[in-house]
Amino acid sequence: MAAAGTAYATVYRDDVATSAESAHDVVAAADDGTVALLSYSPKSLDADLAKGQSHLTGQFLTYYKEFTTKVVKPAATENNVETKAQVIRSAVSRLSADDAQVLSFVNQSTTSKTKPEPELTSSSVKISLQRVNGEWLISSFDPV
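Using this note's numbering, read the sequence shown as starting at 353 and increasing by one per residue.
What the hints contain is simulated information worked out from the structure, not anything from laboratory work.
There's no promise every hint is true.
Stated by the list, open to error - Pair ranges (Cβ atoms, derived):
{"no.": "1", "residue 1": "Glu-469", "residue 2": "Ala-375", "range": "36 to 46 Å"}
{"no.": "2", "residue 1": "Gly-410", "residue 2": "Leu-455", "range": "37 to 47 Å"}
{"no.": "3", "residue 1": "Leu-472", "residue 2": "Ala-449", "range": "17 to 27 Å"}
{"no.": "4", "residue 1": "Thr-473", "residue 2": "Asn-432", "range": "27 to 37 Å"}
Stated by the list, open to error - Heads up, simulated EDC-like pairs for lysine to aspartate or glutamate below, C-alpha to C-alpha not over 20 Å straight-line:
{"no.": "5", "residue 1": "Lys-478", "residue 2": "Glu-434"}
{"no.": "6", "residue 1": "Lys-465", "residue 2": "Asp-450"}
{"no.": "7", "residue 1": "Lys-425", "residue 2": "Glu-487"}
{"no.": "8", "residue 1": "Lys-422", "residue 2": "Asp-451"}
{"no.": "9", "residue 1": "Lys-422", "residue 2": "Asp-383"}
{"no.": "10", "residue 1": "Lys-403", "residue 2": "Glu-418"}
{"no.": "11", "residue 1": "Lys-436", "residue 2": "Glu-487"}
{"no.": "12", "residue 1": "Lys-467", "residue 2": "Glu-430"}
{"no.": "13", "residue 1": "Lys-467", "residue 2": "Asp-450"}
{"no.": "14", "residue 1": "Lys-467", "residue 2": "Glu-487"}
{"no.": "15", "residue 1": "Lys-425", "residue 2": "Asp-450"}
{"no.": "16", "residue 1": "Lys-403", "residue 2": "Asp-377"}
{"no.": "17", "residue 1": "Lys-465", "residue 2": "Asp-494"}
{"no.": "18", "residue 1": "Lys-395", "residue 2": "Glu-430"}
{"no.": "19", "residue 1": "Lys-478", "residue 2": "Asp-377"}
{"no.": "20", "residue 1": "Lys-467", "residue 2": "Glu-434"}
{"no.": "21", "residue 1": "Lys-403", "residue 2": "Asp-384"}
{"no.": "22", "residue 1": "Lys-478", "residue 2": "Asp-494"}
{"no.": "23", "residue 1": "Lys-465", "residue 2": "Glu-418"}
{"no.": "24", "residue 1": "Lys-403", "residue 2": "Glu-434"}
{"no.": "25", "residue 1": "Lys-417", "residue 2": "Asp-377"}
{"no.": "26", "residue 1": "Lys-417", "residue 2": "Glu-434"}
{"no.": "27", "residue 1": "Lys-422", "residue 2": "Asp-384"}
{"no.": "28", "residue 1": "Lys-436", "residue 2": "Glu-373"}
{"no.": "29", "residue 1": "Lys-478", "residue 2": "Asp-384"}
{"no.": "30", "residue 1": "Lys-478", "residue 2": "Asp-450"}
{"no.": "31", "residue 1": "Lys-436", "residue 2": "Glu-469"}
{"no.": "32", "residue 1": "Lys-403", "residue 2": "Glu-469"}
{"no.": "33", "residue 1": "Lys-395", "residue 2": "Glu-469"}
{"no.": "34", "residue 1": "Lys-478", "residue 2": "Asp-398"}
{"no.": "35", "residue 1": "Lys-417", "residue 2": "Glu-471"}
{"no.": "36", "residue 1": "Lys-403", "residue 2": "Asp-383"}
{"no.": "37", "residue 1": "Lys-395", "residue 2": "Asp-451"}
Ideal Cβ positions, reconstructed from N, Cα and C, are used throughout, including at glycine.
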């Protein structure tokens with residue numbers, strides 16, 4: 353009986369540690385990806401957009417490439433748009449072995465040629481992630 357209790361406690365603790373570690377990894381990936389997606393400067397635009405792409409997977413990666421090429425790049429270069437994002441708080445709302453969902457609260461500061469004073473906005477985002485080759489990548493990014 354004591355051996356069964358010890359085995360249960362050991363397995364239980366391993367599950368808790370793995371779950372807590374996975375949740376931490378998912379939140380870190382969501383936070384890093386959010387900042388990369390929403391932060392860019394005309395001075396380093398290509399590198400900034402490539403950094404954003406490195407956090408994405410699937411159809412969202414395809415959408416992001418097209419959107420940044422057609423919308424973000426022209427606006428950022430023509431209007432000198434610079435934006436910086438900061439994740440204020442994030443929490444895991446769903447977690448399994450290979451997919452997860454995180455709710456994040458984000459502040460963003462944007463300047464442009466026509467608005468040189470920083471314009472601050474706050475938003476909340478539902479972020480879906482998939483584990484791809486051991487790495488958590490963003491598969492959808494939806495304002496809520």
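We went through each hint and held it up to the structure:
1. At about 38 Å, the CB distance of Glu-469 to Ala-375 agrees with the hint of 36 to 46 Å.
2. Distance hint check for Gly-410 and Leu-455: the Cβ-Cβ separation is about 20 Å, which falls outside the suggested range of 37 to 47 Å.
3. About 38 Å separates the C-beta atoms of Leu-472 and Ala-449, a value inconsistent with the hinted range of 17 to 27 Å.
4. Between Thr-473 and Asn-432 the beta carbon distance is about 18 Å. The supplied range of 27 to 37 Å is therefore violated.
5. Annotation: proposed proximity of Lys-478 to Glu-434 is violated, straight-line Cα distance about 23 Å (limit 20 Å).
6. For the given pair, Lys-465 sits about 43 Å from Asp-450 by alpha-carbon distance, which is inconsistent with the 20 Å threshold.
7. A threshold of 20 Å between alpha carbons decides the hint, and for Lys-425 with Glu-487 the separation of about 27 Å lies outside it, so the pair is violated.
8. Using a Cα cut-off of 20 Å, the hinted pair Lys-422 and Asp-451 is violated, with the two alpha carbons roughly 30 Å apart.
9. Note on Lys-422 and Asp-383: the hinted pairing is violated, with a Cα-Cα distance of about 25 Å set against a maximum of 20 Å.
10. For the given pair, Lys-403 sits about 15 Å from Glu-418 by alpha-carbon distance, which is consistent with the 20 Å threshold.
11. The hinted pair formed by Lys-436 and Glu-487 fails the criterion: a straight-line CA distance of about 24 Å is larger than 20 Å.
12. Simply put, Lys-467 and Glu-430 have alpha-carbon atoms about 13 Å apart, close enough for the 20 Å limit, and the pair holds.
13. About 42 Å separates the Cα atoms of Lys-467 and Asp-450, which puts this hinted pair outside 20 Å; it is violated.
14. Among the hinted pairs, Lys-467 with Glu-487 is inconsistent with the structure: their alpha-carbon atoms are about 38 Å apart, more than 20 Å.
15. Restraint check: the Cα-Cα separation between Lys-425 and Asp-450 comes to about 32 Å, which exceeds 20 Å; the hinted pair is violated.
16. Of the pairs offered as hints, the one joining Lys-403 and Asp-377 holds, with about 18 Å between alpha carbons and a cut-off of 20 Å not exceeded.
17. For the hint pairing Lys-465 with Asp-494, the CA-to-CA distance comes to about 28 Å; that exceeds 20 Å, so the pair is violated.
18. The straight-line distance between the Cα atoms of Lys-395 and Glu-430 is roughly 12 Å, inside the 20 Å bound, and the hint therefore holds.
19. Distance hint between Lys-478 and Asp-377 is fulfilled; the C-alpha atoms sit about 16 Å from each other, no more than 20 Å.
20. For the given pair, Lys-467 sits about 10 Å from Glu-434 by alpha-carbon distance, which is consistent with the 20 Å threshold.
21. Simply put, Lys-403 and Asp-384 have alpha-carbon atoms about 10 Å apart, close enough for the 20 Å limit, and the pair holds.
22. Distance hint between Lys-478 and Asp-494 is fulfilled; the C-alpha atoms sit about 5 Å from each other, no more than 20 Å.
23. Distance restraint check for Lys-465 and Glu-418: the Cα-Cα separation of roughly 24 Å exceeds the 20 Å cut-off, and the hinted pair is therefore not satisfied.
24. Between Lys-403 and Glu-434, the direct Cα distance comes to roughly 15 Å. Compliance with the 20 Å bound is thereby established for this hinted pair.
25. Distance restraint check for Lys-417 and Asp-377: the Cα-Cα separation of roughly 25 Å exceeds the 20 Å cut-off, and the hinted pair is therefore not satisfied.
26. This hinted pair checks out: Lys-417 and Glu-434 have alpha carbons roughly 18 Å apart, not beyond 20 Å.
27. Restraint check for Lys-422 and Asp-384: the C-alpha separation of about 24 Å exceeds 20 Å, so the hint is violated.
28. Distance restraint check for Lys-436 and Glu-373: the Cα-Cα separation of roughly 28 Å exceeds the 20 Å cut-off, and the hinted pair is therefore not satisfied.
29. Between Lys-478 and Asp-384 the CA atoms are separated by roughly 14 Å; this keeps the pair inside 20 Å, and the hint holds.
30. Taking the CA atoms of Lys-478 and Asp-450, the gap is about 17 Å. The hint holds against a cut of 20 Å.
31. For the hint linking Lys-436 to Glu-469, the alpha-carbon distance of about 13 Å falls within 20 Å, and the restraint holds.
32. For the given pair, Lys-403 sits about 26 Å from Glu-469 by alpha-carbon distance, which is inconsistent with the 20 Å threshold.
33. With a C-alpha separation of about 18 Å, the suggested pairing of Lys-395 with Glu-469 holds against the 20 Å cut-off.
34. Distance hint between Lys-478 and Asp-398 is unfulfilled; the C-alpha atoms sit about 26 Å from each other, more than 20 Å.
35. Distance restraint check for Lys-417 and Glu-471: the Cα-Cα separation of roughly 25 Å exceeds the 20 Å cut-off, and the hinted pair is therefore not satisfied.
36. This hinted pair checks out: Lys-403 and Asp-383 have alpha carbons roughly 13 Å apart, not beyond 20 Å.
37. Simply put, Lys-395 and Asp-451 have alpha-carbon atoms about 35 Å apart, too far for the 20 Å limit, and the pair is violated.
Hint check: violations occur at hints 2, 3, 4, 5, 6, 7, 8, 9, 11, 13, 14, 15, 17, 23, 25, 27, 28, 32, 34, 35, 37; the rest are consistent with the structure.
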